[in-house]
Amino acid sequence: MMTIRYKISNHLFLSVFSLLMLYPVIWWIGASLKKTEELRLPTIWPSIPMWENYSNGWNFSADYSFAHFFGNTLLMELGNVTGGVLTAAIVAYGFGRLQFKLRGFWFSILLLTMMLPGQVTVVPQYILFNKLGWVDSYIPLVLPHFFGGGAFFIFLLVQFIRGIPRDLDEAAKIDGSSVYGIFFRIILPLIKPALVTVAIFTFIWSWDDFFAQVLYISSIDKFTVGLALRMFIDQFDIQWGQLLAMSFVSIMPSVIIFLFAQKYFVEGIATTGLKG
Amino acid sequence: MGTAETLTQAPHTKAARTSLRKRKNKEETNLAGYIFIAPWLIGFLLLTLWPIAQSFYLSFTEYSLLEAPVWTGTDNYANIFRNDDTFTKSLSVTFIFVLISVPLKLFFSLLVAMALSKNIRGMNVYRTAIYFPSLIGGSIAVAALWRNMFGLEGYVNQVLSWFGIQGVGWITNPDTALGTLILLNTWQFGSTMVIFLAGLKQIPQELYESASVDGAGRFRKFVSITLPMLSPVMFFNLVLGVIGSFQTFTSAFIITKGGPINSTYVYALFLYEKAFKHYQMGYASALAWILLVIVAVLTALNFLASRYWVFYESDGGRAK
Amino acid sequence: MRKRGSASLLLLSLALTLGMTACSSGGGNSNTSGNNAAGNEAGANNEPAKTEATTLSIMWWGPDARHEATKNALSIYTKQNANVTFKPEFMAWDAYWQKLPTLAASKSITDVLQMDAAFITEYVSRGQLEDLSDIDLSGIVDPKVIENLKIDGKLYGIPLSQNAQGIAYNKEELEKYGIALPKQNWTYDEFFQWARDAHAKLPEGKYPIGDSIGWDSFNFYQTSMGKDPVMAEEGKKFTLDKDLFMTYYKTYEEFRKAKIVPPAEQAAAFLENDPQADPMASGVLLTRGATTGSVSALEQLMPGKVGVVNMPIGPSGGGWAQSTIFLSVSANSKHKDEAKKFVQWFISDKEAGKALGLTRGIPINPEIYKELEPTLEPKDKLGKEIYDLSVEKALPFYSAAAGFTEWVDTYKKEMEAVTYGQQSIEDAYEKINKMGMDLAAKAGS
Numbered sequence: 001m002m003t004i005r006y007k008i009s010n011h012l013f014l015s016v017f018s019l020l021m022l023y024p025v026i027w028w029i030g031a032s033l034k035k036t037e038e039l040r041l042p043t044i045w046p047s048i049p050m051w052e053n054y055s056n057g058w059n060f061s062a063d064y065s066f067a068h069f070f071g072n073t074l075l076m077e078l079g080n081v082t083g084g085v086l087t088a089a090i091v092a093y094g095f096g097r098l099q100f101k102l103r104g105f106w107f108s109i110l111l112l113t114m115m116l117p118g119q120v121t122v123v124p125q126y127i128l129f130n131k132l133g134w135v136d137s138y139i140p141l142v143l144p145h146f147f148g149g150g151a152f153f154i155f156l157l158v159q160f161i162r163g164i165p166r167d168l169d170e171a172a173k174i175d176g177s178s179v180y181g182i183f184f185r186i187i188l189p190l191i192k193p194a195l196v197t198v199a200i201f202t203f204i205w206s207w208d209d210f211f212a213q214v215l216y217i218s219s220i221d222k223f224t225v226g227l228a229l230r231m232f233i234d235q236f237d238i239q240w241g242q243l244l245a246m247s248f249v250s251i252m253p254s255v256i257i258f259l260f261a262q263k264y265f266v267e268g269i270a271t272t273g274l275k276g
Numbered sequence: 001m002g003t004a005e006t007l008t009q010a011p012h013t014k015a016a017r018t019s020l021r022k023r024k025n026k027e028e029t030n031l032a033g034y035i036f037i038a039p040w041l042i043g044f045l046l047l048t049l050w051p052i053a054q055s056f057y058l059s060f061t062e063y064s065l066l067e068a069p070v071w072t073g074t075d076n077y078a079n080i081f082r083n084d085d086t087f088t089k090s091l092s093v094t095f096i097f098v099l100i101s102v103p104l105k106l107f108f109s110l111l112v113a114m115a116l117s118k119n120i121r122g123m124n125v126y127r128t129a130i131y132f133p134s135l136i137g138g139s140i141a142v143a144a145l146w147r148n149m150f151g152l153e154g155y156v157n158q159v160l161s162w163f164g165i166q167g168v169g170w171i172t173n174p175d176t177a178l179g180t181l182i183l184l185n186t187w188q189f190g191s192t193m194v195i196f197l198a199g200l201k202q203i204p205q206e207l208y209e210s211a212s213v214d215g216a217g218r219f220r221k222f223v224s225i226t227l228p229m230l231s232p233v234m235f236f237n238l239v240l241g242v243i244g245s246f247q248t249f250t251s252a253f254i255i256t257k258g259g260p261i262n263s264t265y266v267y268a269l270f271l272y273e274k275a276f277k278h279y280q281m282g283y284a285s286a287l288a289w290i291l292l293v294i295v296a297v298l299t300a301l302n303f304l305a306s307r308y309w310v311f312y313e314s315d316g317g318r319a320k
Numbered sequence: 001m002r003k004r005g006s007a008s009l010l011l012l013s014l015a016l017t018l019g020m021t022a023c024s025s026g027g028g029n030s031n032t033s034g035n036n037a038a039g040n041e042a043g044a045n046n047e048p049a050k051t052e053a054t055t056l057s058i059m060w061w062g063p064d065a066r067h068e069a070t071k072n073a074l075s076i077y078t079k080q081n082a083n084v085t086f087k088p089e090f091m092a093w094d095a096y097w098q099k100l101p102t103l104a105a106s107k108s109i110t111d112v113l114q115m116d117a118a119f120i121t122e123y124v125s126r127g128q129l130e131d132l133s134d135i136d137l138s139g140i141v142d143p144k145v146i147e148n149l150k151i152d153g154k155l156y157g158i159p160l161s162q163n164a165q166g167i168a169y170n171k172e173e174l175e176k177y178g179i180a181l182p183k184q185n186w187t188y189d190e191f192f193q194w195a196r197d198a199h200a201k202l203p204e205g206k207y208p209i210g211d212s213i214g215w216d217s218f219n220f221y222q223t224s225m226g227k228d229p230v231m232a233e234e235g236k237k238f239t240l241d242k243d244l245f246m247t248y249y250k251t252y253e254e255f256r257k258a259k260i261v262p263p264a265e266q267a268a269a270f271l272e273n274d275p276q277a278d279p280m281a282s283g284v285l286l287t288r289g290a291t292t293g294s295v296s297a298l299e300q301l302m303p304g305k306v307g308v309v310n311m312p313i314g315p316s317g318g319g320w321a322q323s324t325i326f327l328s329v330s331a332n333s334k335h336k337d338e339a340k341k342f343v344q345w346f347i348s349d350k351e352a353g354k355a356l357g358l359t360r361g362i363p364i365n366p367e368i369y370k371e372l373e374p375t376l377e378p379k380d381k382l383g384k385e386i387y388d389l390s391v392e393k394a395l396p397f398y399s400a401a402a403g404f405t406e407w408v409d410t411y412k413k414e415m416e417a418v419t420y421g422q423q424s425i426e427d428a429y430e431k432i433n434k435m436g437m438d439l440a441a442k443a444g445s
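Protein chains in written order, with the UniProt record's numbering: chain A, 1 to 276; chain B, 1 to 320; chain C, 1 to 445.
There's no promise every hint is true.
Have a look at the derived ranges for each label pair, beta carbon to beta carbon [as the list claims (entries may be wrong)]:
#1 M252(A) <-> E209(B): 55 to 63 Å
#2 G127(C) <-> L102(A): 43 to 51 Å
#3 F81(B) <-> K354(C): 27 to 35 Å
#4 D175(B) <-> E371(C): 36 to 44 Å
#5 R82(B) <-> K173(A): 26 to 34 Å
#6 P378(C) <-> L298(B): 24 to 32 Å
#7 G226(C) <-> L298(B): 34 to 42 Å
#8 T74(B) <-> S138(C): 48 to 56 Å
#9 D85(B) <-> F105(A): 36 to 44 Å
#10 M246(C) <-> D175(B): 48 to 56 Å
#11 M252(A) <-> N83(B): 47 to 55 Å
#12 M252(A) <-> G226(C): 56 to 64 Å
#13 A62(A) <-> W345(C): 40 to 48 Å
#14 M252(A) <-> K354(C): 38 to 46 Å
For the record, the hints were derived by calculation from the structure and aren't laboratory data.
Since we're looking at a predicted model, the values are computed, not measured.
Yeah, the Cβ is synthetic: ideal placement off N, Cα and C, and Gly gets one too.
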């Protein structure tokens, strides 16, 4: 009895709260179906839904459909996520578990790199990448992820690794495991939820990272979804319906990834069993 | 910089205490340590260090981007501290933003994460719905949306009018504009929440079960299990929240453009406009390095304070 | 054994990392050569005879229609000049101006680039653009127009289209409330009086005109009264006439009190061409400034309701009517001669003109315009109307001088503080004037 009422109140609270958070999304879908003249009206839903905002938006460019841009972006994301997940854990293990000279110094540097606003390093970085001949390729966008995936994720994983009791390492050591063995057999499985978090965030944030994309990608053949979306907004010519429709479509991969990947990060280690 | 030293000292001294290992062993872990951090270290030395050093050099120059930089010594710094009212203004706007939005977001996202950590049916849908606003963060739609909510004729004022309250143009009123940006920032609590969620799930259920056996109530469990076990993650969210909020940019850039009358002219926006709109990259670089020092000092304080409240399982349970 | 296994896995991941680096440097090289561009070229089906094959990189901003039209024009050029291919790069306005400074900093601006009057002085004064004075434009562009466009006696951008500044009004609503439509060549006094009269006939929440906080609006006023422009001689001479400044802004102050212009809080939310926040499309204002280039956006928001008139004038005239969009050649280009030949062709070739249509406004070349005239749509006609109404009394287009971009923003912020009642007009004047004087002194030194 008690638990059923508890469950119902839980669901009630959560659905009301979800609806509140989703209200803007509903507004967004409505707006994406409106004619331009109708957008200024306070109504949520259009009088006649313009589904062609979606089809026209999808095919706005004579050269490529959005499928091409989605393909490009997913390809870039594949690199980013692989790079981030692969290397962030390695580096975090080094910082979080191992003793070595100047560890504190390097860790401070790692944190400091996050504190300098990117706006002032973007130009020297562009000059560097330009000299290397990497402009108009995905390398400047993807490569940095292979170097630890960024300070944010390294620090995140360090915190998770430090939350794992050392008894486990000690036990493994007695069994003859090296530091490498401990990493692969103990730490890596235990931080799986955090790694999924890294993967999701890497995916979502690089999807959003318009400023870097606009700098480094110049030919339409290589455009990402983010770049393609900006094509709808010119100085005096904004295709509102198509813009809203396509930007809605553009966040769908992130939504889907989030929806399905979360079961891994929330499963946690409770079921894996930690002690005994 | 000394801060991270203190962060890493605890396990170090402990290791020294627990066993006097052979020197050879130490060299081995030295090597292993560098092997593990190598991906980052190589990337840092090859890709990151040069642009950072460049920006430091540029902070002592006049650099329009369109012409080669000209060395001007400490002029930029002197001008910033002596003559620039906008610097003071944007710094204070940013401080207010950080002071309010960081605790607010931490509190809110922890609360939601706890509500969402239960295992009930359909939870993944709720989680996704609640995470949704954070996904549209940088999207173009968010500016239009925020105007719809907080404009003079927006939904907020419509609701207020039911209670006979005459609203203001929240985004265009110099007294409330920053508040709406803080609210937007809090509304997009998704990533902080997800990290809390992952942290919560890492807490062994056994701890709660044995506490239940001991007759502990919900509040007691929260205080003596959840909070300490979650403290590393909370510390992470706090440190990153501070670092990130000092660089807050997107919402001010796309919604208010820093206005009205500079009331939302956050530091990063000021810096961006100096660099790319007013062709003063040298000056902007100096601004960036000043921000770096401010944030570094605050982060150092954070690390120092963490010794008193952050609990690392790996340190054997007690942080000192 | 087990130990070795995990170590090698680690090595593998490191190798992957490094491999990534190595591959990428190999892959990047192709960008500098023209191979890529040939692949991208729409409809370029020819393998040109290898007589000094040149790849011109070219960059422009615009909406999609302009992109398609321009790519077509480029392939026409390649057909006519088999040795030239293009590496086009195109994006929207915001992205363009975000990216260009970084390209300039790395000396990698494209050979040919589209330029805007608001930015050109900044790029010219820093030596980024090539002098194009020696391109023969006789019979294509009116020599007077060219004289007007010269910066320090030299031409840095080939004008592409006619543009003009005017005022758009909500024809439908003005008629509905029985307000006389604005007339061509109205004076500032008539304009202000019109606003007062219109206000009397309008219901609450509707305003005849908007407030004024931008430097350009005041500059129109100052120059129409026969004074120097605010910035002259490439920014070395700065004139902010205090009497005119006080008169002009005192009028607006009176208007704010009388609710002839909307309150600051409402005005600050305006965003031109936004369907919800556009001052006129949202139904709040009955008039607003518009150019030939921008009026079509407004017409799309409120089809059939927009009328246009020229800027108010003074004894010296008023408004401007000239090109504000150009093709320029990078000073760092390795193919300057080819680039110059191309930009000349761009505004003179008939076939190109047909391909480009009205995607950059009303073509500057009268012959090409004549052929396109029958294809004009209502939105284009409005633009043409602004131009025709303005051209008689037009003054030159005064853009902000190089180094004044920050001053432009400061002007707006100080005047915004006035509209919010946080600062007197006098104080705003002192600050704006001091900053301008300092900049002029710096430019002169």
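A range of 36 to 44 Å was offered for this pair. Does it hold for the Cβ distance of D175(B) and E371(C)? Check failed, 57 Å falls outside 36 to 44 Å.
Take a look at whether the Cβ-Cβ distance between A62(A) and W345(C) falls inside 40 to 48 Å. violated (23 Å)
Check the following: the C-beta atoms of G226(C) and L298(B) are separated by a distance inside 34 to 42 Å. With Cβ atoms ~56 Å apart, the hint is violated.
Has the hinted range 43 to 51 Å been met by the Cβ atoms of G127(C) and L102(A)? 45 Å Cβ-Cβ, so the 43 to 51 Å window holds.
So the hint says 27 to 35 Å: do the beta-carbon atoms of F81(B) and K354(C) match that? violated (60 Å)
Range first: 55 to 63 Å. Now tell me if the beta carbons of M252(A) and E209(B) are that far apart. About 40 Å separates the Cβ atoms of M252(A) and E209(B), which means 55 to 63 Å is violated.
How does the Cβ-Cβ distance of M252(A) and N83(B) compare with 47 to 55 Å: does it lie in that range? This hint holds: roughly 50 Å between Cβ atoms.
Could one say that the CB atoms of R82(B) and K173(A) fall in the range 26 to 34 Å? violated (59 Å)
Within 36 to 44 Å: is that where the Cβ-Cβ distance between D85(B) and F105(A) falls? Holds: the Cβ-Cβ distance is about 38 Å, inside 36 to 44 Å.
Taking the CB of M252(A) and the CB of K354(C), does the distance hold inside 38 to 46 Å? Check passed, 41 Å falls within 38 to 46 Å.
Do the Cβ positions of P378(C) and L298(B) conform to the proposed distance bound of 24 to 32 Å? violated (58 Å)
Regarding M252(A) and G226(C), is the given constraint of 56 to 64 Å on their beta-carbon distance met? holds (60 Å)
The structure fails to meet hints 1, 3, 4, 5, 6, 7, 10, 13 from the earlier list, while all remaining hints are met.
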